[in-house]
Amino acid sequence: MSDDNRPALEELGRRIRKVGGAKNGSELSSRSPRGITRTFRLTTEMVAALGVGGVGGWLLDGWFGTEPWLLLVFLFLGAAAGILGAYRAATQLMKEDMKSN
Amino acid sequence: MAEKHSPLDQFGINRLVEMHIGAVDVSFTNSAAMMVAVVVVATLFLTISMRGRAMVPGRWQSMAELCYGLVASTVRDNVGPDGRRYFPFIFTLFIFILFSNALGLIPYSFTITSHIIVTFAFAAVVFIGTTVIGFWRHKLKFLSLFVPPGVPIALAPLLVPIEIISYLSRPVSLSVRLAANMMAGHTMIKVFAGFVVLLGLAGVAPLVFIVAIYALEVIIAFLQAYVFAVLTCLYLADALHLHHE
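Chains W and L supply the protein sequences, listed in that same order.
Position one of the first sequence corresponds to residue 780 (the working numbering), numbered consecutively onward.
Position one of the second sequence corresponds to residue 563 (the working numbering), numbered consecutively onward.
Calculated directly from the structure, the hints in this document are not laboratory data.
Among these hints, one or two may not hold up.
Chain L side only, calculated, beta carbon under 10 Å to chain W, not exhaustive [stated by the list, open to error]: (1) Phe704; (2) Ile727; (3) Ile782; (4) Val792.
Derived contacts from chain L toward chain W, CB cut-off under 8 Å, selection only [to be verified]: (5) Val722; (6) Pro723; (7) Ile724; (8) Ser728; (9) Leu730; (10) Ser731; (11) Val734; (12) Ser735; (13) Val738; (14) Arg739; (15) Asn743; (16) Leu778; (17) Ile781; (18) Leu785; (19) Val789.
Heads up, the beta-carbon is just placed ideally off N, CA and C, and yes, glycines get one too.
Using the sequences plus the hints, can you model the full thing?
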């Protein structure tokens, strides 16, 4: 894309924003309350799964006497579960957006 | 002095009426008093505002109807028609958390949802409830929730533990999210309130900041109650329909 297209594209973007309403741009900013809530939603999802995995592995280690192996394995499983949870939350939020638009 | 004006002072539990049953301390605390206040205010709000039952609602009736409509549409969209029988529970949960958050914003009051044990109790009820509903509805087929559909059987030993951890982390993330939000907001306001006094005339700057944060906190109080209700609906939908997507 050449540079001389840029003013035309910017003008187009402005028109799209005007038609779509300024609502979308401001609401999804990371500083708006909804943006903060969403950020928190995804991060707690990850941290909670990691914590549950770690504590679960530690408890199982205590029962089976296999320190520290289950703790290590379950920390990784917890990290995977956290990413999975965040991914699912993000998909769900995207669906919500599609519905409201 | 430092101890008396700690920003974390507001989260302290005080016994108002000492009570002991055997070795168990069941004293009536400021937290319990606040819970009673929340129930009373929420009940008064919903009953008094709906007393007129006008065709064209006034301001108060509109607010009550808005709450009802919001939760009703959330349940309908996320759970589907068979979620209606669980509407009373989700509505009660939403209103209780909303009023706890909102009343906690009144200066000198107490925010019960800033204590993780309180929010964990909410989350545990939701977690145990949805699990029981799932097993009651689908019997052992409910366990298929832990096996993602369309996955080769060789990957199951890896994916099933991940799904189980993900399932067990639900009450943790649910409770941590609400409590951390409430606690962070209230602590921040108190910290900046301390700056106002320390800075003298220049304290106007943090004062303006507090006003802005306060407005944000009002919205967060509502949003967190809503997020709690939405996630309860999603967990319920999982229990009712297994993999419905």
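Structure-inconsistent hints, enumerated in ascending order:
1, 5
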